[in-house]
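Colleague: As a plain string of letters, each chain reads:
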Amino acid sequence: MTTIDAKIPKGPLAEKWKEYKAHQKLVNPSNKRRLDIIVVGTGLAGASAAASLGEMGFNVLNFCIQDSPRRAHSIAAQGGINAAKNYPNDGDSVYRLFYDTIKGGDYRAREANVYRLAEVSNSIIDQCVAQGVPFAREYGGLLDNRSFGGAQVSRTFYAKGQTGQQLLLGAYSALSRQIKKGSVKMYSRYEMLDVVIIEGRARGIIARNLVTGKIERFFAHAVVIGTGGYGNAFFLSTNAMASNGSVAVQVYKKGAYFANPCYAQIHPTCIPVHGEFQSKLTLMSESLRNDGRIWVPKKKEDAEAIRAGKLKPTQIKEDDRDYYLERRYPAFGNLVPRDVASRAAKERCDAGFGVNATGLAVYLDFSEAINRLGKDVVAAKYGNLFQMYEKIVDENPYETPMMIYPAIHYTMGGIWVDYELQTSIPGLFAIGEANFSDHGANRLGASALMQGLADGYFVLPYTIQNYLADQIRVPRLSTDAPEFVAAEKEVNDKVKKLMSVQGKRSVDSIHKELGHVMWECVGMGRTKETLEKALARIKEIRKEFWSNVYIPGDGSLMNNELEKALRVADFIEIGNLMALDGLNREESCGGHFREEYQTEEGEALRKDDKFSYASCWKYAGEESDPELIKEVLDYEFIVRQQRNYKS
Amino acid sequence: MEKSINITLKVWRQKDAKAKGAFETYKLDGISTDTSFLEMLDILNEKLITERKEPIAFDHDCREGICGMCSLYINGHPHGPDEDVTTCQLHMRKFKDGETITVEPWRLAAFPVIKDLMVNRNAYDQIIQAGGYVSINTGGVPDANAIAIPKPIADEAMDAAACIGCGACAAACKNGSAMLFVSAKVSQLALLPQGKIEAAARAKAMVAKMDELGFGNCTNTRACEAECPKSISISHIARLNREFLCAKIKD
Ligand SMILES: Cc1cc2nc3c(=O)[nH]c(=O)nc-3n(C[C@H](O)[C@H](O)[C@H](O)COP(=O)(O)OP(=O)(O)OC[C@H]3O[C@@H](n4cnc5c(N)ncnc54)[C@H](O)[C@@H]3O)c2cc1C
Ligand code: SF4
Ligand code: FES
Numbered sequence: 001m002t003t004i005d006a007k008i009p010k011g012p013l014a015e016k017w018k019e020y021k022a023h024q025k026l027v028n029p030s031n032k033r034r035l036d037i038i039v040v041g042t043g044l045a046g047a048s049a050a051a052s053l054g055e056m057g058f059n060v061l062n063f064c065i066q067d068s069p070r071r072a073h074s075i076a077a078q079g080g081i082n083a084a085k086n087y088p089n090d091g092d093s094v095y096r097l098f099y100d101t102i103k104g105g106d107y108r109a110r111e112a113n114v115y116r117l118a119e120v121s122n123s124i125i126d127q128c129v130a131q132g133v134p135f136a137r138e139y140g141g142l143l144d145n146r147s148f149g150g151a152q153v154s155r156t157f158y159a160k161g162q163t164g165q166q167l168l169l170g171a172y173s174a175l176s177r178q179i180k181k182g183s184v185k186m187y188s189r190y191e192m193l194d195v196v197i198i199e200g201r202a203r204g205i206i207a208r209n210l211v212t213g214k215i216e217r218f219f220a221h222a223v224v225i226g227t228g229g230y231g232n233a234f235f236l237s238t239n240a241m242a243s244n245g246s247v248a249v250q251v252y253k254k255g256a257y258f259a260n261p262c263y264a265q266i267h268p269t270c271i272p273v274h275g276e277f278q279s280k281l282t283l284m285s286e287s288l289r290n291d292g293r294i295w296v297p298k299k300k301e302d303a304e305a306i307r308a309g310k311l312k313p314t315q316i317k318e319d320d321r322d323y324y325l326e327r328r329y330p331a332f333g334n335l336v337p338r339d340v341a342s343r344a345a346k347e348r349c350d351a352g353f354g355v356n357a358t359g360l361a362v363y364l365d366f367s368e369a370i371n372r373l374g375k376d377v378v379a380a381k382y383g384n385l386f387q388m389y390e391k392i393v394d395e396n397p398y399e400t401p402m403m404i405y406p407a408i409h410y411t412m413g414g415i416w417v418d419y420e421l422q423t424s425i426p427g428l429f430a431i432g433e434a435n436f437s438d439h440g441a442n443r444l445g446a447s448a449l450m451q452g453l454a455d456g457y458f459v460l461p462y463t464i465q466n467y468l469a470d471q472i473r474v475p476r477l478s479t480d481a482p483e484f485v486a487a488e489k490e491v492n493d494k495v496k497k498l499m500s501v502q503g504k505r506s507v508d509s510i511h512k513e514l515g516h517v518m519w520e521c522v523g524m525g526r527t528k529e530t531l532e533k534a535l536a537r538i539k540e541i542r543k544e545f546w547s548n549v550y551i552p553g554d555g556s557l558m559n560n561e562l563e564k565a566l567r568v569a570d571f572i573e574i575g576n577l578m579a580l581d582g583l584n585r586e587e588s589c590g591g592h593f594r595e596e597y598q599t600e601e602g603e604a605l606r607k608d609d610k611f612s613y614a615s616c617w618k619y620a621g622e623e624s625d626p627e628l629i630k631e632v633l634d635y636e637f638i639v640r641q642q643r644n645y646k647s
Numbered sequence: 648m649e650k651s652i653n654i655t656l657k658v659w660r661q662k663d664a665k666a667k668g669a670f671e672t673y674k675l676d677g678i679s680t681d682t683s684f685l686e687m688l689d690i691l692n693e694k695l696i697t698e699r700k701e702p703i704a705f706d707h708d709c710r711e712g713i714c715g716m717c718s719l720y721i722n723g724h725p726h727g728p729d730e731d732v733t734t735c736q737l738h739m740r741k742f743k744d745g746e747t748i749t750v751e752p753w754r755l756a757a758f759p760v761i762k763d764l765m766v767n768r769n770a771y772d773q774i775i776q777a778g779g780y781v782s783i784n785t786g787g788v789p790d791a792n793a794i795a796i797p798k799p800i801a802d803e804a805m806d807a808a809a810c811i812g813c814g815a816c817a818a819a820c821k822n823g824s825a826m827l828f829v830s831a832k833v834s835q836l837a838l839l840p841q842g843k844i845e846a847a848a849r850a851k852a853m854v855a856k857m858d859e860l861g862f863g864n865c866t867n868t869r870a871c872e873a874e875c876p877k878s879i880s881i882s883h884i885a886r887l888n889r890e891f892l893c894a895k896i897k898d
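Those protein sequence lines, which keep their order, are chains A and B.
All residue numbers for the first sequence refer to the numbering used here, where the first residue is 1 and numbers rise by one.
All residue numbers for the second sequence refer to the numbering used here, where the first residue is 648 and numbers rise by one.
FYI, nobody ran anything at the bench for these hints, they're computed from the structure.
Where hints are given, some of them may not hold.
Capping the alpha-carbon separation at 30 Å, the derived lysine-lysine pairs in DSBU-like fashion look like this [stated by the list, open to error]:
| no. | chain 1 | residue 1 | chain 2 | residue 2 |
| --- | --- | --- | --- | --- |
| 1 | B | K700 | A | K512 |
| 2 | A | K214 | A | K504 |
| 3 | B | K694 | A | K539 |
| 4 | A | K494 | B | K665 |
| 5 | A | K18 | A | K630 |
| 6 | A | K310 | B | K650 |
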């Protein structure tokens with residue numbers, strides 16, 4: 001049996017990171033120049049890591065799919081970023097941020113990692129302000145905060161509804177400075193297709209130049225993966241179109257563990273699905289729940305009339321509205337965590353109270369806030385989101401409530417990493433949404449940006465040195481090494497195989513089919529039956545894909561359909577892992593809701609005695625199921641409870 | 648209200664950077680007006696694929712108006728006829744039944760076509776690399792609340808920072824000038840105390856890079872401002888000019 005060592009430093013919680021840094025190995029400046037690091041991804045995690053490593057003097061190669069590093073998916077984050085600054089003086093602290101994050105994750109994250117995250121959160125805000133990130137300010141000139149779900153303090157920093165954009169542009173500017181200096185070499189419109197392992201260590205990557213179609217080899221002393229989450233396995237999600245899980249699958253097949261694949265976050269406030277042609281779902285930021293109130297009609301007749309287009313929401317009297325979150329969770333109200341809010345919406349819609357023609361929507365209503373604060377104040381806070389909504393739905397949210405419904409948004413699962421953010425392959429690191437580390441079974445709002453930047457600015461640049469200090473004598477290896485040649489051949493063979501299928505189905509049509517299965521069977525509510533059905537259906541989809549997909553054009557030139565096909569091939573593997581993991585986890589926790597395991601009130605029922613571990617899946621070849629390795633989660637410092645957002 | 652329309656598309660097709668390129672005409676029937684423009688192109692591509700033809704290459708990613716990846720000249724307007732939106736946020740309800748819609752790439756020497764509707768906007772990255780940052784390293788910076796910044800100044804910096812780097816400004820300009828893009832970054836950083844220190848040098852370096860890359864001069868036609876999906880104001884160009892002058896005087 002394989003055992004697992006997360007390399008958590010000994011000692012009291014608050015001392016672990018300090019102790020680690022005090023004793024870790026470092027690389028001296030002249031040696032840094034001789035060490036190459038590949039960073040894949042230019043989102044918050046990748047860009048901040050590449051820039052910081054470049055500043056330190058390492059020789060960095062940075063890759064992204066988009067035409068510019070500035071366009072990584074992180075750019076779309078709207079609401080904000082958490083930090084334990086306690087500027088509003090409302091009782092926040094590093095410990096409270098740590099505690100809220102652990103509790104929000106339904107006690108399925110590592111204490112030591114989460115504490116470190118809370119600890120470095122404040123430095124992130126300092127760093128971003130120094131870069132010129134224009135966070136929202138109060139009239140006194142100091143920084144403003146707002147509230148997000150799962151917290152009773154205001155600790156979220158924001159830049160209108162464009163926080164991700166501003167943070168990413170900050171990291172991108174730091175990255176651009178290093179590109180100019182020559183310490184970072186940027187490879188835009190490149191897609192990593194495999195990792196190269198030499199003598200058990202990650203030593204480079206194989207990547208496809210998306211413009212020329214050429215497959216190329218790159219060496220480095222260490223490889224860092226910051227390629228984001230795999231939510232697009234569901235086809236429709238709030239992720240950007242190119243967001244994918246392929247690198248996670250590539251490294252999994254080379255021996256890195258894939259941890260907790262079934263933990264996916266369904267975000268409660270997205271614009272509902274409107275038709276078969278739809279290509280993605282648009283998020284309406286959680287920050288809207290600061291002032292928006294969520295409701296459905298109290299009476300089924302009203303809901304039916306609304307669905308039939310005979311009644312307008314504004315015609316429903318106050319007494320006939322069911323503000324179900326405020327009713328069920330008086331202490332947190334509309335600001336319960338996402339998993340709780342999403343399930344509550346599904347529960348109401350399943351019970352027949354949903355609105356919109358489809359019955360799959362609830363209202364997010366700003367009339368009370370507009371009356372209380374005035375339209376101008378509401379517009380200043382949320383104007384761009386309201387505009388976005390209006391452009392898509394063609395309704396004015398200042399006048400009629402928004403319609404929203406849950407959608408897949410974020411994946412907590414990902415590549416397993418230890419305390420140093422190193423995967424189970426030496427020399428291979430994973431940061432940001434791509435790893436599994438800090439959010440347990442559910443991520444709190446505004447914590448992904450925090451984690452991505454914590455990893456990239458303040459954690460990885462330290463921990464990677466502990467590894468690289470032993471590598472200073474390793475020369476730059478030639479990419480003619482047999483391992484590079486073999487890895488490139490494998491990639492080429494895969495491309496050829498895909499191009500030669502010449503079947504009847506477009507890549508998108510198969511991706512959509514997979515997405516339907518995922519949403520129906522591995523979505524908000526899962527059971528043994530649905531998960532088994534998913535496994536069977538995914539098997540069929542895999543077969544259909546590899547025997548009936550059609551990719552037009554030439555595989556050795558620019559080819560967008562081929563790019564999509566390579567990603568969909570991996571989404572199929574991820575879908576399979578998600579279902580397998582969900583089936584194994586016979587409990588409900590956070591985003592993983594097994595309908596068989598719920599309390600009488602319909603809340604998630606954890607089984608700490610049996611499932612207090614991270615599920616780490618180890619690849620065992622095409623034909624067999626992967627091996628499950630358990631990283632036991634010891635709660636040394638806090639006592640686990642049933643999550644309670646009622647009182 | 649949702650309805651459906653029939654349209655004719657004239658789309659620029661160009662095999663690669665070196666090929667000559669030409670318009671091709673396609674007919675699409677029964678397009679729901681709730682479809683976004685890019686979803687309409689998805690539908691067309693799906694149709695081309697079933698006919699075993701090569702789909703149209705175009706850039707896109709977030710599909711919610713923030714990444715700046717989508718482009719397209721639609722009926723003579725960068726990002727199409729709707730106001731303050733990117734192409735990905737444009738919906739078919741802005742078009743009439745029976746309409747012919749012309750779709751072209753950005754046309755600009757500094758943004759060469761890669762394939763069909765895709766162009767290379769690397770020049771914008773190079774302009775930022777020339778100086779679009781505050782020269783600080785990670786760590787060792789003061790507390791975020793150490794410097795108070797008046798809210799109106801912070802808000803104006805935020806308005807400038809909203810630029811998504813899409814390139815519509817240069818594409819809209821008859822001179823092919825990138826001034827709106829450059830000024831948005833210069834202005835954002837010049838407004839804030841953190842960026843003020845390097846403001847003049849930054850303006851000079853970024854403008855020099857812009858000239859070097861073959862962008863034209865600004866003659867105040869205001870076409871950029873009119874077409875910018877993020878309503879970046881040309882008042883930033885005035886601030887850029889001031890910083891630029893400062894740099895020149897210091898020389
Ligand atoms: C609409 C939306 C709103 C959000 N709002 C918030 C918020 O308010 N607060 C919050 O904390 N979180 C928010 N999140 C979550 C957060 O934005 C993401 O989790 C986070 O930005 C992920 O950052 P990342 O750096 O890990 O990856 P990403 O930003 O996804 O970047 C991935 C990078 O990897 C590259 N890449 C991927 N695959 C390859 C490959 N094979 N080869 C080469 N390059 C590759 C991509 O090109 C890209 O550069 C939001 C998410 C969405 C979808
Ligand atoms: S200034 Fe406007 S048009 Fe120009 S790149 Fe920025 S957002 Fe696009
Ligand atoms: S696709 Fe991102 S702005 Fe249009």
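Colleague: Taking the hints in turn, state whether each one holds.
Modeller: Structure-based check of each hint:
no., hint, in the structure
1, K700/B to K512/A, "holds (21 Å)"
2, K214/A to K504/A, "holds (26 Å)"
3, K694/B to K539/A, "holds (27 Å)"
4, K494/A to K665/B, "holds (29 Å)"
5, K18/A to K630/A, "holds (28 Å)"
6, K310/A to K650/B, "holds (19 Å)"
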